[in-house]
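There are 2 protein chains.
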Amino acid sequence: MSSPITSTSSLPIREQPSIFQQVGLLKVVEDSYGGVKVDVEEPMDSDVYVPLLRASMSQWRQQGVKGVWIKLPIKLANLVEPTVKEGFRYHHAESDYLMLVYWIPETPDTLPANASHTVGIGAFVMNDNREVLVVQEKNGAFRDKDVWKFPTGVANQGEDIWTAAIREVKEETDIDTEFVEILAFSQTHMKFCGKSDLFFVCMLRPLSLDINKQDSEIKAAQWMPTEEYMAQPYINKHESFKYVAKICSSKSRNHYSGLCSVPTMSSSGKKSFTYFNKLQL
Amino acid sequence: MSSPITSTSSLPIREQPSIFQQVGLLKVVEDSYGGVKVDVEEPMDSDVYVPLLRASMSQWRQQGVKGVWIKLPIKLANLVEPTVKEGFRYHHAESDYLMLVYWIPETPDTLPANASHTVGIGAFVMNDNREVLVVQEKNGAFRDKDVWKFPTGVANQGEDIWTAAIREVKEETDIDTEFVEILAFSQTHMKFCGKSDLFFVCMLRPLSLDINKQDSEIKAAQWMPTEEYMAQPYINKHESFKYVAKICSSKSRNHYSGLCSVPTMSSSGKKSFTYFNKLQL
Chain A
1 MSSPITSTSS LPIREQPSIF QQVGLLKVVE DSYGGVKVDV EEPMDSDVYV PLLRASMSQW
61 RQQGVKGVWI KLPIKLANLV EPTVKEGFRY HHAESDYLML VYWIPETPDT LPANASHTVG
121 IGAFVMNDNR EVLVVQEKNG AFRDKDVWKF PTGVANQGED IWTAAIREVK EETDIDTEFV
181 EILAFSQTHM KFCGKSDLFF VCMLRPLSLD INKQDSEIKA AQWMPTEEYM AQPYINKHES
241 FKYVAKICSS KSRNHYSGLC SVPTMSSSGK KSFTYFNKLQ L
Chain B
1 MSSPITSTSS LPIREQPSIF QQVGLLKVVE DSYGGVKVDV EEPMDSDVYV PLLRASMSQW
61 RQQGVKGVWI KLPIKLANLV EPTVKEGFRY HHAESDYLML VYWIPETPDT LPANASHTVG
121 IGAFVMNDNR EVLVVQEKNG AFRDKDVWKF PTGVANQGED IWTAAIREVK EETDIDTEFV
181 EILAFSQTHM KFCGKSDLFF VCMLRPLSLD INKQDSEIKA AQWMPTEEYM AQPYINKHES
241 FKYVAKICSS KSRNHYSGLC SVPTMSSSGK KSFTYFNKLQ L
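Note that the protein sequences, when read in sequence, are chains A and B.
In case it helps, full-length UniProt numbering puts the first sequence at residues 1 to 281.
In case it helps, full-length UniProt numbering puts the second sequence at residues 1 to 281.
So that you can see chain A by itself, here it is in the shape it has in the complex (with noise of 0.2 Å):
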């Protein structure tokens, strides 16, 4: 870890050399967008740090800069404060750092959105009798509801919709699996402090069938026939539900098609998967 001041800022100046240059000033990233970040890693007093924002400031301001992010780690929380005291608002958190935004121009900011949606997967896993991998859950919105359900989870940050229904069917069941299609999805909005929530419908081909359900969260793990499944009063009950199970239902008959996955790379050179209906291409 570097020391977060420094003599000069790594900014190209366009502007007249100014008396800013000759104290210190924070050190920082250029982002491809006209904008700025610190990435403060060490220990600082907010009367060190504070002069040294302001004048870094003064020197962004002259150099046109647009968008200022300040990154703070947990452990300099005693920042936070004078930072939102010289005008910054809160951009994003994760449990470990804090990050401060401050747009320069008059106009209005062009800065990126903070991310607003979590992805959820639910399995629809069939073997050979058409029978479906079904769990009843401790916790949660199912607890003490007498509702089998196809095993669902959240995807962690940065795992793929397809690896993260793999994931959970093995973690719930112990039952290894194959990714087939993402059937359907549905979008709702504020599920969690504001939050939206996508979620992701996959089917997957089973390569194992003995279940050795897990502990903690399932209270019951069976494979189920799909009648007994969609014959139950909730799934009935609930629209979504009701819509999963008839998709389910055609798909296990090959009366339909969902989207498959495809490794890609995105114009920015990132990984990425596609998915899309391949039958029909």
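A few of these clues could be false.
Since the list gives no way to pick out one identical chain from another, each pair is judged satisfied if it fits inside one copy or across any two copies.
[To be verified] Taking lysine-lysine pairs in the DSSO-like style, the calculated list, with each CA pair at most 27 Å apart, reads:
#, residue 1, residue 2
1, K278, K145
2, K66, K242
3, K145, K271
4, K149, K271
5, K149, K237
6, K271, K246
7, K213, K138
8, K66, K149
9, K75, K278
10, K138, K149
11, K145, K37
12, K246, K278
13, K278, K242
14, K219, K138
15, K66, K271
16, K37, K75
17, K213, K85
18, K242, K270
19, K75, K85
20, K170, K85
21, K278, K37
22, K71, K85
23, K191, K66
24, K66, K213
25, K37, K138
26, K191, K85
Hint data in this document are derived by calculation from the structure and do not stem from the laboratory.
Because the structure is a prediction, the values reported are computed rather than measured.
Based on these hints, arrange chain B on the given structure of chain A.
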């Protein structure tokens, strides 16, 4: 806004009454997962806040509370450091508040995950002459590249995918459209600050034809013959663009079916949209 201080907790007291009920405690709302949430609204000095928090924590421990959530508006940034010092970690932040959390039990925490994804849309809009609506952008990754691309954008918090597509097309080109289908989507990781992105290609039907481009973001907009769009070197060089072009071309000849959207109600009674292959159901 009510005072965050109350003389008794709103939680049912499962243990013997303790001395902590005599002193001031932070006012809480219980969640359905055995947790409590504190919404600090009024300005408070840390000298007042810290004893309240400590007394409250003791009571919550006795009561078997699991997760403790503290929501601090940005105007109360002075309480961030004291809360962290009491062992809380960050959970998430929006522009105007920071959410901190503490998991009391010895067991691993089952707190809901922070939002992990932004949602982007690209709009495939084709007129009766088989021309597609394309734009050139002033900023971002496509600035100074001579590429004609679909209108794209980011879904606002709480906005449905199909609505976002219609809005972005209207904003960038003034063309009115109606939603047809989601043709494909991509999931890309590490887009911004470790977060992932889900990008949905939406087919929209134009309801108007006269382009009136937005000036701040859009350099140019036009209806372009499909073949010309697809012949662009950039499209052919990038795998994900090539897939999308192929899918859209196939769709334009009625050889492809994507996912339509139907309004549904989630099991928790929240309005949602489910996307599935209607043609095959």
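I want to check one pair: K191 and K85. Are their C-alpha atoms no more than 27 Å apart within a copy, between two copies, both, or neither?
neither (32 Å within a copy, 29 Å between copies)
Checking K75 and K278: alpha-carbon separation at most 27 Å within a copy, between copies, both or neither?
This pair counts as neither: shortest intra-copy Cα distance 49 Å, inter-copy 52 Å.
How do K219 and K138 come out at 27 Å by Cα distance, when the copy is not named: within, between, both, or neither?
Within. Shortest intra-copy distance 5 Å satisfies the 27 Å Cα cut-off; inter-copy 55 Å does not.
One pair to classify: K66 and K149, alpha carbons no more than 27 Å apart. Within, between, both, or neither?
between (50 Å within a copy, 26 Å between copies)
Checking an output row: K242 and K270, CA cutoff 27 Å. Within, between, both or neither?
Cα proximity of K242 and K270: across copies only (16 Å, versus 37 Å in one copy).
Check K71 against K85 for me: Cα-Cα at most 27 Å, and say if that holds within a copy, between copies, both or neither.
Result: close both inside a copy and across copies, 16 Å intra and 19 Å inter.
Check K75 against K85 for me: Cα-Cα at most 27 Å, and say if that holds within a copy, between copies, both or neither.
Classified as both; 19 Å inside a copy, 9 Å across copies.
Quick one: K138 to K149, C-alpha cut-off 27 Å, is that within a copy, between copies, both, or neither?
Within one copy only: 12 Å inside, 49 Å across.
At 27 Å max between alpha carbons, let me know whether K66 reaches K271 within a copy, between copies, both or neither.
neither (29 Å within a copy, 38 Å between copies)
When Cα atoms must be at most 27 Å apart, do K145 and K37 count as within-copy, between-copy, both, or neither?
between (49 Å within a copy, 25 Å between copies)
Between K37 and K75, at a C-alpha cutoff of 27 Å, which is it: within one copy, between copies, both, or neither?
Both: 19 Å inside a chain and 23 Å across chains, each within 27 Å.
Give the relationship of K145 and K271 under a CA distance limit of 27 Å: within one copy only, between copies only, both, or neither.
between (41 Å within a copy, 22 Å between copies)
Violated hints, listed in ascending order, are 1, 2, 9, 15, 17, 20, 21, 26; each of the other numbered hints is respected by the structure.
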